[in-house]
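Hints are included, so try docking the two chains, each in its own frame, into the full complex.
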Amino acid sequence: MYESEYRLALENAGYSGFRLVLYQAEQAIKAAAENTGLQFTVDFNLGALNMLYLGDMMNDLSYRIRPFEIVPGSTNRVVDEVVDSFADFLENRRRFEILEWLPRPAASLVAQSRRLKGFLNVTGKVLDHLYSASFVEEMRRAQERIGALEVDHTRVKPVVKIVGEFWAQLTEGDGNFNMFAFLEREGAQVHIESISGWIDYLLYQSRKGMEARKGLEYRHNDARWWELGKIAANRWGYRRKWLLLRASERAWEYLYARTARHLGGITPPLVRQRELARLAHPFYHSLARGGEGHLEVGKNVYYTTNKLCHMVLALKPFGCMPSSQSDGVQSAVVNRFPEMTFLPIETSGEGEINAYSRVQMALGEARARARTEFEAALGSTGHSLDAIREFAGAHRRLRSPFYPFPRRQGVAGAAANFVMHVGRVMDGRERMARLPGER
Amino acid sequence: MKALETNAQPDGDANGGPGRMQGRLRFLVGFDVGSTTVKAVAVESAGGQIVWRDYRRHDTRQAEMLLEFLGRMEREAGVAAGNSRVFITGTGGSKLAGPIGARFVQEVNAVALAVEKLHPEVNSVIELGGQDAKILLFKRDGLGRRKKFASMNDKCAGGTGAVIDKIAAKLGISADCLQSQGYRGITTHPVAGKCGVFAETDINSLQKLGVPAGELMASLFDAIVLQNLTVLTRGHTLSPEVLLLGGPNAFIPGMREAWQHKIPQLWQERGVQLPDGAAAEDLIRVPDDALYYGAFGAIEFGRAEDELSGLYTGRGGLESLIGAHRGQGFEDAGGHGLCASDEERRAFERRYQQPAFQPPAFPKGERVEAFLGIDGGSTSTKAVLLSTHGELLAKAYQLSKGNPIQDTIEVLARLRTQVEEDGAHLLILGVGTTGYAKDVLRQVFQADVAVVETVAHAESAKHFFADPHVIVDVGGQDIKIILLRDGAVRDFKLNTQCSAGNGYFLQSTAEGLGIPVENYAEAAFSARAMPTFGYGCAVFLQSDIVNFQRQGWRAHEILAGLATVLPRNVFLHVAKVPNLPALGTRYVLQGGTQNNLAAVKAEVDFLYATFRHSGLEPEIWIHPHCGESGAIGAAIEAMRTRRAARATTFIGMDAVAAIRYRTQSDEQTRCSYCTNACLRTFLSVEGTNAAVPGESRRIVLANCEKGAAESVDELRGIQARLEAIKAANPNLVAVAAREVWRSRRPELVADPVPRRAWNQRGRQKLALQRNRGQLRIGIPRVLSMYAYAPLFSAYFESLGVAAENIVYSSVTSGEMYRSGSSRGSIDPCYPSKIAIAHVHDLLFKQHPRTPLDLILFPMFDVLATRLENTRASNGCPTASITPETVEAAFTKETDLFSERGIRYIHPLVNLSNRRLLARQLHQALESVLGLGEHENARAVEVGFRELERFEADLRRRGREVLDQVEREGRLAIVLLGRPYHHDPGINHGIMEEIQKLGYPILSQSTLPMDGDLLERLFGAELREGTIRSALEISDVWRTAFSANSNQKLWAAKFVARHPNLVAVEFSSFKCGHDAPIYSVVEQIMQCSGTPYFGFKDMDENRPANSIKLRVETMDYFLKRYRQEKFGAGARPAEEEEVDAAVC
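Protein chains in written order, with the numbering used here: chain A, 1 to 439; chain B, 10001 to 11143.
Next up, chain B with everything else stripped away, as it sits in the complex (with noise of 0.2 Å):
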């Protein structure tokens, strides 16, 4: 505290002399109440010196903190109404300043005012709290002035302190471990910082790869930074000296040494000078008291107000606000509970409770014969005993430890005591597993079959149930609704990218709350009322949790409001599903979190309420096992495979109980097969077969199917297994985007150079044209380029540009992302971002190597269209406009492209109006290419039939594949897409992943539009007059300005009138033109029965465990549909190669 101290000046010094009341104001105090904790500090008005100061966690008891410190203020230091002046910031602060007579301080205000005090030689304050971000930059304007900029998290907790909790929370990792946690000289991994729950997905996936805890806390470390320095710093420099402040950046090491390594790359990046002599991580440090600068910024803002501001009134206010919470009306303000009477939850309980299970006897001497299943999830392993006639004997469930194989080896153990403790004996028949870890837990314990998870879900409820229509399946983490329509899976819904709603969140508020998670229905059902919540993040419920505790709501209240918040989540925000009764009347409620019977109780009241209006009345079904669902699916599927008679692989009981492992990952097991060069872990295991003692197996955990290679032979093997299955299946996809930036070759129609010119203008152009042969464009790879680049670069290289100087940007990938996105000052979709990563890579990479002379960025306005009968076909905005941003960005500090010598040239162009595109062309490129009119005019013409060359050439590939699969009786998949998501970068692989399971592949780009087959396809709503042109969607969408949203609606019709054709649909996080047709694609491929799967709010963060859990079920799905559709002699022998390639 020394440091604050020994600055802060005495309040009539502030004010320019003594004031009037100083003799009877004898103290200053400053209030920080956070998210977390609560910071004091009390100073003597006239010395400024403190007499008192604490900093405590406050366990969402915001008010009764703040009182218990006020009390103790009041009798250790002599605080009292009338001799002191209070002033509160902080996210709890505001409602808090009123009842003692507080003044509010906004907290970025208080932290500012404390750092221009304390330290005038910080430019940047990055401040981290509990579930706030803060970035303030300190800059002279033009004028010599200081300004501040200011930054903060407002829709996510991502990149905050509440991260680092929820994930050492997940780890195991103490307070106290976690204050002791380096980030130095250890290895990290890639991990999505931006939300809490990304990066617990990242983190399980390496946890299950082996990947030791401490690296993982590195590696969140690594993303927090990362995550502030691309969003917070809204593009600005972070100049040095920069303060770090706030709980983590104080506790814990690893923290501040993360930043201390990344922000000094930065400066070097972008030639920041730093003071003579300084070493730049010692121009990054955290201040003592760090914690206290909101408290002491607010003391500061005191001293510049008029001395009756902020008079303590005593904590009589204080009190009566704690105490007086709940007057006469309270509970009208939130909904009743979650059941009326008590009547009504007797009723509820006796249609709806679940009878305790109850296993058979198992007689000494008794040989029981069963199938086991394993389910692997993501925060538990459960594992159940199916008798050879379906019914259940056993079941055991364990919180995960951490290791999947550890945790089954022990569920197994109890399993088989289970049996065997009367001195029965148990043979296993078949085992069959599922869960994250499925893959792992196969080839450990060599079960029989690996079965996906929604297939095992789905298996699981039609066990028990007739006919079922939905599935609602809420997990710890995860949350799939799976659609079936005759017993077969139609369709999945899952939490790829948002986990809000699941069962760990009302696990670890019930605990939070001091109410055990067994106890939570009880709890929830005793509420009369309870307050009404939002719905969406988790991170910001957990927000409305605490004001509702200011309000006065209570524990159980609470927990009643958070029950009614699942059904919202699962059903509007998750799987966003708004008209339920459409999926279908019968569900089936399972999962562990259906065990809560105050989450069941919400489920039912909203599907009822939701059916209300539909003529329709639901039938529920709560799954007689709902934690242990997934298993029983895994050992039916067990059964199923044994009734084709193989003989079960499992190692066997004993062997389970005696297996030993070891696992291994680092740079020893690094993968070295491709330029990704990823981490692998190495099982070590023994024991696994008893004839064999001390036998070891090695089990290679790789990423990908290259990776599980141990030597080179090995890989070559599986390379030729790969390249013949995309031979023999096309990813159109991945053709169009190799294939889009080729040079086109084109004829040359540049206007004759003349040998002289007479003036001074003609001597101008001159030199142009006789340069256009040296000129080099720099382009970047992204957007619209991914469909324009061929009418482009043939528009240059007809007009004499050589073909070798159009240069495009890198491809993009995760790495490109990082060390280019940080100048965005915005966050747009994900293919808008990666726009200023890609202009980074030609100026800092492209640029270097052989100099650029200039950047064509196009703005697209309008674009070009086949479809007839359409309102417009504009560009989106966010694509049009990316070129400005992008130039916004990397001339806001200073102007990058005119220091390398680089124009940036963006014109706003139109095409599907060739005449203005070849005056917008000109009127952009003349000063550069010394541009006639005419020739311009010509190249225009000479790019748009290169263009329609390249997309005929690819409507013609997809012609043959249509043709294939027809002549095969096999599926071809369709992207439904835009453009952009041919890139590589963008659509993470995901088609590519498909195609390796036997699939060809095309995209809304590459279907043909031959004559004969838009006939067949439309030919008889045309003739019916449904439509005037096969090529129009006035049918299905009315507003159609739109051109890419146009061409994927199209796309859809076409696939759903194409008995071969199935449809994935990928969009990008805040896709605006996306969302209004996601229902109208998804009626159109409903009306028809055709398949189709969504890949819905892409960007950055590739989250692989959900891609592979989505494309396992899509396979799953589509074979059974393919022998629906096609006969059970549709599936050649190849395929089953293609299956055990993969698998």
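Same shape as in the complex, but just chain A (with noise of 0.2 Å):
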């Protein structure tokens, strides 16, 4: 979308023979260039499609583990080795060629036909790439070299649930003003977005787009009642979208659930994009155009009503459009939702130190909300934090950052459900869980 800005922007500075690369989202697959240095083949976009969740994961498990390490810088280090593994894999894997896969006679067979081969290829590649051993073996290592880290479960922080613009939103940098660190060193724990929850609402968009368009667009627009052929084309060419675009969505969202489940399984799956739109619904239209359109009014709801956090806080570059619309539909939704803490922060060149003077001010709400809330789980067990971090420290695997406690409905924080259900697996209520891969 932004080509045309990028190219002007390179002429302007001076720079007219500057070689731009498109990779074009909407394309895919089937993107490609002619001499651009890069060579846009199905193992380049499979492999851009691993790296967007492994990105994602590794970039969740960070900020859910990091505040409560015991040691501290352990999981920046354990995080990058981890990060330079995958990368490594990705490059050196051993790429599947259809050819070279199957036995000789059949191998020469199929290599007669250019259609078949091409065909056999891409789906082996595809298979091969989400399913071999070699993968997933890649990410038990890594669940086992961050499974080592040890964390303190029983540290109180407030959750933040950040939201706003695509970029302002994943950026952590200037462009955010640092604000997922600010937060930390603020005592914050910080849940962020995915790149993959993005492109699921692309997915989503796209389908309900068609949907709103049923029977508007059809192959034979004046098809006749008794035109019956016509008429199973129309509805057949409108089924065949409708079913591709499903089930991408659902790809998109098991492979992404796959993902977490083999790295830990303390990143949770998507949101349902359909809830998402449901609760934006009535605020901002769920059909709008235009930047991250409802997300950010749904997911505001959304991780309030679910008490899934403390406080959201919405991140945009200065004077970005939808975004700042957002904002402001995002007045009346604060005025529903009293229990909301929302803040919205736009990013720009200058006032940096207002926005952190607002977010240090709305965290101290979110902060005293979790203190409270942690104070009422530790009440309700019974026992007192000292003998549940003894009991906690007697224990190895309440100290990994995979231990999975459960999550008590209405209860945002981690300490607060950790030290109930400790509190509980003491008293004999609950037994302890065991860690992931363990028998």
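Note that these hints are calculated values from the structure, not bench results. Fair warning: there could be bad hints in the mix.
What the hints assert, rightly or not - Which chain A residues face chain B? A few, computed with CB under 7 Å, are given here:
#1 GLU5
#2 PRO268
#3 TYR284
#4 ARG289
#5 GLY290
#6 MET321
#7 GLN360
#8 GLY364
As the list claims (entries may be wrong) - Calculated cross-link-like contacts (lysine-lysine; reagent style BS3-like; alpha-carbon spacing at most 25 Å):
#9 B:LYS10139 / A:LYS307
#10 A:LYS307 / B:LYS10147
#11 B:LYS10117 / B:LYS10147
#12 A:LYS307 / B:LYS10148
#13 B:LYS10139 / B:LYS10262
Heads up, the beta-carbon is just placed ideally off N, CA and C, and yes, glycines get one too.
This is the structure in structure tokens:
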């Protein structure tokens, strides 16, 4: 979408011959370019998809583990190592080639048909990328290395859910005032967004847009009632596209959840897009185009009403049109949901100090809420915090970042959920859970 | 301080009992380190009694002032390391807390804690600080909890004490006078409070009209209150009681009174219930010790913290911080100095330093014939004398004392003295004026010619240098980049909305740092290293200065760093020219700021760096008389006039000395010729005619031509002349803006109403069908409705809704915006912001007159387009989502629609797919109109038919205009904008101003699309295969997805190919769809050499002076362009009349 702008900016800056490689998301695997220096092959595209999943997952994991790490800096160190391993693995893994995989007689038969060879090769590459034992094994190794970290889940941390404009909500750097690091320094646990969630949204919106136009864009718009063939063709044409999109959504969500499962299982699955649209629609039309559409409103309501966080922070670059409008709508949303702590921040070259001030103030409210929630949780166990810490200290499992303590309805904080669970384990009312991969 | 003391609770109480360390922790100390002052309070931990407090300005030395406070506190109160806990709040607090062991407390938190503690009855707090403005609201949520909403300014210091300081300094109002400045009963005038720079621009104009300083300050208070109410409340209502905190509220009675005046108006409008018997004004108050709330809140915060939090470690850390700022490697953190070595500096000075002016001798008895040029600028007045050969004979300069006439009298006296002090005799052959005050000066002194500033500066540069390409004129407040080709102005860029980077800023900063502006360069050149600034808003640069000082950078280094900001602000921030070599290679630097060699060095370095990769080398010249370049240009123009054999009309130097004048600007001078009722200034001048002593002339200074009339007869004459001009030069922007709302009177296509219905659903439908004739529909007159209103009005009318029952909101006006916009919670572009005011108008103005049943505000998702081969024709997301934000604004506290029995309907619509549109409208309106599917589809078709008729009619008129200008060899102006730029409230009447100068006006929506014309303009390219259709833009813009941007680019292509058309581009501030195509439009125009002028970043502020300057320059340039294009004979007699009428 911004291709022309980039070209223009380069030209205006005096770099008229600068080479710009275009990778179009909507064309995905089909994307191609001449003499680009990069080969947009099936392997490249599938590698990019895996990279997205793994990137999202490692990012999310690090924000879920780091606030509780016992040895400062250990999470970043291990995550960096794991990311390097994944990069090596993706770069050096043996590419699937159908002719190498088939027995020689079958290979020579397949080699004669270009179409068959292409079809089998692409199918094989997809399966290999997604299901090959080597990939699963690489994830297992990563899980093992991360699982070796030690955490203290009794630390009370307000949970801050990040939403906002695509780039600002994902990018940690000057573009978002280094807000995630700031929040962690201020004692918060940050729940970040994923690129996968955005792609899921695009797929969902394509399908819903199609549904809104159902019956208007048939191949045979003029079909009369007796022209059953045309009617069937119309319906099949629509249904085929619809199914393709639906299958893509399902596959996308499944693969994300599968990656999460192999990497510790503590990162939640993608939120159902239908639910976000349903929650947002009374305030922000779910088919309205541009930017993140209804997502900011939908996520704000979803995470607040499901009590998955203590505060929602929306980040957006200065002047981002749809995101600013979303903030306009949020003023009514916040009034409708009194329990909501929502703060929008526009980032630009200036105003960093003020942004921090505002975040600190909202965080004060979230912190108080997390503290109250924790004290109630601790009180409900009948144990002192020292006793719970002592118990956790005596059990290595409870110090694992992947220890799967249950999340109680209406309790957002990790510490509150953890002490409730440990208290019940101490009382013998719940059993200690197994770690992933543990027999 | 009593208020704080009596309410304070001992430390032990707050924590439920005495702490373990309480025995030795004697004090709790709260600091508020703000942007301009430090406030401190120390209380006893046990009893809560105040033992020490103070408040002082820190003059940007926050750390030093904090150290000084701590020293005194230790000596006077016994505060010591280990016996006190310290909590710091304020913008400067975070970095200073660590070194003394203190804990930082976010300032809004601190203020909120103080207010909660001391004033549980308060629901709203407004705190104005030096560069901050905060609004705090305490609200009960549905669960009975008291929730806080806070809002702060984050990108702009508009609406804060900084603006007051800036304007007070400009008006010469001392701090003491400011403390007695009132508001009640004082006449106020429209002033922009959004930004100190805008405010200054408005104040300048009003000052020149003779408005007294007291009224100007009261107007500023008014503007600041409005700015904070509209932006910072984020649409919430300030519930009583309201507490006013911060320096400006505490010290300036007028500021308090302005809040007390404005907030009750809001309460009344929103039906806020006041406590029984309470007067509204009494519910808005400044508490005692309002200054100390931040510091006290910090202490309150500390009470809830554990006992070791904020434990004071003594002053040592702070002393080290101050002393050790400049450790090894410190300077590496910034950039190297302006000059790497003394040798480089000497070489630079040899090349660029201008020799001091050496006036010629004027022997006794010599008759010195000269042309006089006067530049009445925004911050100073300059005058020069030029010999008949164009040599500079004398020059004089004076910083403005507030009245340009008096300034000029004094400056001319000095000029005369220079020539005549040795007995020579000065004879003035001609006089030219320029600058903001050029017209007043021309009238008072009867000068021969008033020259628009841009032209004066260009003439001056050309006088000294051969064929310059770019003139960079940086004055006190204005920045002008004038682009020339073959000696003629081809374009110019002005700082219409921002004065970042001007000379006034450098001057005031230097003086603030204790360095006179004359010594700026000397100080800056002495720096071996300097801090690296960003660029942009001057107010935030001010914050950077404070930060850099805190880090240890010294004054001369800061000045060096600021000098390097100047070229970036001039070229990148204001002029937005990323590719300077494209403008040309010969640069002239002029304007008063260029007398500062540090600024020149920074500009020279910047230019060379920019050219480095271009393969070109810039030639940079410094004007020999930087500060007087405008005055020299005016004198040159006077010389040109003289050569046209006209005798001077100047009143003469003797008369100047004898001049007496009196200004009157009050209710008696208020104009009554239109509803704007502007305040005029009547100037009575005596002594201008030596022949008739005592004769008095009256000069009327007004905002428009009509205002200049003193009698109804005179007014009629002026109006008749204007009407004649308008008739000869149609303004299709105005026509489109008027006609688009007209009833279409289409055919009726509604289903026949059945006599009876057989079931409940049918009966409901029948009732709705029967009601259609009475149904009243309100539609906001905004955004895409300026293009598609005919479609909707025809749609409704064809279904049986009476034309008179389709009610549009009032036409956009400043008054409407001010009264209706305060419910908005965000700050998008003005065309979107104004939508809230329009719906407010429908609810609170139109509905009470005759009740409305529904308000329709469609969300335009996809727009209709005639262009071909584009990727999409999407609407702008800001515009399309606006109906949702409007709904939020009117339903968040109470549902103002349902309270009035009005349905608010805002369907998402797609105008590029008629069947989808029909479905969308049917879904939205079925339950309102009892709508059948088929009649709905027919009505949509009727709507499109009427829309096409409307558009075709405009294009037909456009063709007529085009044919006319082609026949007459004249020029027409095409507005390149978006449909809502037709709105006179958004385009600020600029096109009308241009029309009055004798140019027909078209817009992107009114350009004809006749086949023969398209063939003439695009045929060659079609045949070459560059484009596949005349209606395509893929050759200039591949990312063609935004409908209005696409249309603008196509219109630009059209204009660039037509010899009789020139373009004026409009763009609103924050327009994300326009920004990427600015340079595309510019390139299209440059390729064909078509004149192109831009009004970018337009918003609610109407920069009248800047508009005037641009329009006058445009006119000057276009006249020459036309003569060049169509020959000398192209100027018909009636156009001369137009000039006469306008001048």
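For each hint, the structure was consulted:
For A:GLU5, the shortest C-beta to C-beta distance to chain B is roughly 4 Å, which falls under 7 Å, so the interface hint holds. Because the beta carbon of A:PRO268 sits about 27 Å from the nearest beta carbon in chain B, more than 7 Å, this interface hint is broken. Among the interface hints, the one on A:TYR284 holds; its C-beta lies about 6 Å from the nearest C-beta in chain B, closer than the 7 Å criterion. For A:ARG289, the interface hint holds, the least distance from its beta-carbon to any beta-carbon of chain B being 6 Å, beneath 7 Å.
Hint status for A:GLY290 relative to chain B: holds, with the closest Cβ pair at about 3 Å, below 7 Å. Using the Cβ-Cβ criterion of 7 Å, the hint placing A:MET321 at the interface with chain B is satisfied: the shortest such distance is roughly 4 Å. Checking A:GLN360 against chain B: minimum C-beta separation of about 4 Å stays under 7 Å; hint holds. Because the smallest distance between the Cβ of A:GLY364 and any Cβ of chain B comes to about 5 Å, under 7 Å, the interface hint for this residue holds.
Between B:LYS10139 and A:LYS307, the direct Cα distance comes to roughly 22 Å. Compliance with the 25 Å bound is thereby established for this hinted pair. Note on A:LYS307 and B:LYS10147: the hinted pairing holds, with a Cα-Cα distance of about 18 Å set against a maximum of 25 Å. Among the hinted pairs, B:LYS10117 with B:LYS10147 is consistent with the structure: their alpha-carbon atoms are about 15 Å apart, no more than 25 Å. The suggested pairing of A:LYS307 with B:LYS10148 holds, with an alpha-carbon distance near 20 Å, which does not exceed 25 Å.
Simply put, B:LYS10139 and B:LYS10262 have alpha-carbon atoms about 21 Å apart, close enough for the 25 Å limit, and the pair holds.
Violation of the numbered hints given earlier is confined to hint 2; every other hint is satisfied by the structure.
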